[in-house]
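Student: Residue numbers (my numbering), protein chains in the order written: chain A, 1 to 478; chain B, 1 to 478.
None of these hints come from the bench; they were simulated from the model. As the structure is a prediction and not an experimental result, all values here were calculated from the model. Heads up, a few of these hints could be off.
[Stated by the list, open to error] From the structure, some residues in chain A lie toward chain B, with a derived Cβ separation under 8 Å:
| hint | residue |
| --- | --- |
| 1 | Gly66 |
| 2 | Pro67 |
| 3 | Phe117 |
| 4 | Pro234 |
| 5 | Asn241 |
| 6 | Met242 |
| 7 | Gln335 |
[To be verified] As a list, the in silico DSSO-like pairs of lysine-lysine whose alpha-carbon atoms are at most 27 Å apart:
| hint | chain 1 | residue 1 | chain 2 | residue 2 |
| --- | --- | --- | --- | --- |
| 8 | B | Lys440 | A | Lys169 |
| 9 | A | Lys244 | B | Lys244 |
| 10 | A | Lys244 | A | Lys169 |
Note that beta-carbon positions come from the ideal geometry of N, C-alpha and C, so glycine has one too.
Protein chains: 2
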Amino acid sequence: MRRLVLPRIASAALIIAALLLTAVGTGSAQPLLDDATLSQAASLRDEARSSELAYEILESLTTEVGPRMAGSSGDERAVAWAQAKFEQLGFDRVTLEPVTFPAWRRGRETARVVAPFPQPLVVTALGGSIATDGELHAPVAHFATLDELAAIPDGSLDGQIVFISNRMKRFRDGAGYGQAVAARSSGAVTAAKKGASAILIRSIGTDQDRLPHTGLMSYALDVRRIPAAALSNPDADLLANMVKRGRPVEVALELGSYWEGDYTSYNVIGDIVGSTQPEEYVLIGGHLDSWDLGTGAIDDGAGCAITMAAGALIGRLDAAPRRTIRVVLYANEEQGLHGARAYRQAHATEMDRHIIGAESDFGAGPIYRFSSRVKPSALGLIDQLTQVLSPLGVVRGDNNASGGPDLIPMRQAGMAVATLHQDGTDYFDYHHTANDTLDKVNPEHLAQNVAAYTVFAFLSAMAPGDFGTRLGLENADD
Amino acid sequence: MRRLVLPRIASAALIIAALLLTAVGTGSAQPLLDDATLSQAASLRDEARSSELAYEILESLTTEVGPRMAGSSGDERAVAWAQAKFEQLGFDRVTLEPVTFPAWRRGRETARVVAPFPQPLVVTALGGSIATDGELHAPVAHFATLDELAAIPDGSLDGQIVFISNRMKRFRDGAGYGQAVAARSSGAVTAAKKGASAILIRSIGTDQDRLPHTGLMSYALDVRRIPAAALSNPDADLLANMVKRGRPVEVALELGSYWEGDYTSYNVIGDIVGSTQPEEYVLIGGHLDSWDLGTGAIDDGAGCAITMAAGALIGRLDAAPRRTIRVVLYANEEQGLHGARAYRQAHATEMDRHIIGAESDFGAGPIYRFSSRVKPSALGLIDQLTQVLSPLGVVRGDNNASGGPDLIPMRQAGMAVATLHQDGTDYFDYHHTANDTLDKVNPEHLAQNVAAYTVFAFLSAMAPGDFGTRLGLENADD
């Protein structure tokens, strides 16, 4: 089939812009899905929408496994659960692929104001943080933002504990996360350069619950490592109110977290094997690991349950779709896309046979938009998919989809992706906290997600052409 | 002045019913408040409604003291704070009255499911619970309600851990609390009779946060004491989901709480001394102690702040009202009205000079109803108060007010009381949890409360007659 030849452009952003511009133009016509297939997809959609299967899967995962931080005993139990569940759901083939990564352990974690107003503070170590050496006592140096901290001279903090109080804003698409998360991911490096002994950040979250948000932080090879923790939003308010009185505020912080060697977990893969092109894959899934504080219902039990249910419902059809529908439950997304990278590596030689992918990793809110990242000539197919999604309240997005975090390595390898955008208005109320529990999931919203993924996966597996397979690559002959 | 003679009726309920019936009839006319006084009250109300004073007081208490469980170091700091704050607010007289009670300490508290699905559970000891002997391992015996537990034969549980899963319902007036709280207050006694080794209850709360609700529990002298704790609502859901699979569920519970001798705290009293009847008191206030998990913003920092601000605003008038306005911050309400009982005892001989009282102890939601418990001939005065409260959105309630928990001893001594009913729709989302923090308080709602208490206290202090002083007492010559 005719493939799009992309110009040599170094910047990925420019490539995407070029794709978008091209998309507006007239790509070569590509065969479309036939009416019988579209009608079958609509039936699947309606069946999925009234199915409780995803909720049952999610209840099973959160109840029978619960927390499953990468490298923990919960991780091991989650892998066993996933393998058994795929089999129980009637997937044709269930595969475990090893993923090795360093294991991080959470230890004891306490914080308190020592002076002038002794009070306990609720904190949690950021993922990857080193421990304090016993209980660290130091005055607090408050900064409203990471930028404010970055602006002071290096070495000027003299052992103080940096406190960054910027608050994440609430948006339906979660845009506030990207705006705020640098304080978490890179704050420790900046604070260490300034001479700090530790860093406390306001949780990257939109709630007002006294439950801190964990999440990955990073060190730099050439910068001293310092312990890093998040305060719950009410605790950050409290500390800010103390600080603004103008008197020195001394805090005691104890973290017991540490890295402990390597651990091997698994990507757990369930396939509904295609009838005529079984070696071509439509890739859906979520990540199996969670943080340790909650039961990982929204992050990302929901994504696992939605895509397992979608695959299972398609698998119950009398005839399998043409291509294989592959549901991947990725290992260790939270600590750096370890499972996703391992998947790409393990399947490097067959990336061209990964036709399109979408990951569900944004909770269980209803899907309201469908965006793609496909070759222009496949946009007609995307329009057809959108039509079948439309009764679910889903509108067409742009052709600049990210596909989800675990699809980054595959997208970088040129795979076409789609994003089924979920309403994340409440997502960051619970994200990475103990409050990430089953009750936060609305069963009807979850079923709407399954319906959308069922349509996406089934029609992609039945599409008469591909969606582009070396998108965005330099010298792509696609 | 003419006093109402009550008939000899043993039951307090019948007395109240009689009062209500009488109230409908024509009580003797009693002098009413004059227009100038009502107008002054309306000005005070409008000033209070736009005042930030209560919020400033509450921010000060929660920031500078925070948790102040009876008998803790926070209790001691709260007393010092309250004394200083009354003085700073210009109260004419500040008095500390000692209150002695046994001190309860919270220790380490952990719980986890051991089998079949190992998971941590979030628990907190109920106030007053004894410790476990190390980590207690036992199977769970689930009961949907306390009544279900009560119905089984004594001695039939053989060391199991009772789990009661009934869920509190949400109402504006908090009526769900009374329906649900017996599982907390008396569940340990019932469970021990059945042979249980411990009891876990679903938190008495309306939220879905992974923050358990503490609160007082009691033992019976002749029944074996067993440890008692509350699971957060999500944890109770989780445990119930495990139990309903029909396999035995084993839990490990460790509580380190204990009683430690006697502690003397203080009722802290601020008076705005009356101009012409300084030895007659209008009694408003809240309780100074809180539970230890949060900063006690809504329970009962709000009540302290509302009534301190109301007193302070009245104290700034050019002329003091006729009677003394007394703001009492009661010690140790949470563990059994210790401060309230001590107040009644200390002032037993002058109870007749306590003209009327109201306690604010239901958070910071807006006041929507004003109910009274006064002699029928004073209902005209209550109508006048209601008229001035009306622009705040307050409607007239019945004449069967409780007055608030700390006024129970005074009401039992015959004091007239009023209740300024607050909207408590959200109150039990945060009540007795770590989530009871300043951010849960809406400053405008708080100011509306101050406005209402200002009207109530000022007009009661200016009323030309009393409200009845030996209400409900047998042989009352009132």
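Student: A separate judgement is required for each hint: does it hold in the structure or not?
Tutor: We went through each hint and held it up to the structure:
| no. | hint | verdict |
| --- | --- | --- |
| 1 | Gly66 | holds (4 Å) |
| 2 | Pro67 | holds (7 Å) |
| 3 | Phe117 | holds (5 Å) |
| 4 | Pro234 | holds (4 Å) |
| 5 | Asn241 | holds (5 Å) |
| 6 | Met242 | holds (6 Å) |
| 7 | Gln335 | violated (20 Å) |
| 8 | B:Lys440 with A:Lys169 | holds (18 Å) |
| 9 | A:Lys244 with B:Lys244 | violated (51 Å) |
| 10 | A:Lys244 with A:Lys169 | holds (22 Å) |
Hint compliance for this structure: hints 7, 9 are broken, all remaining hints hold.
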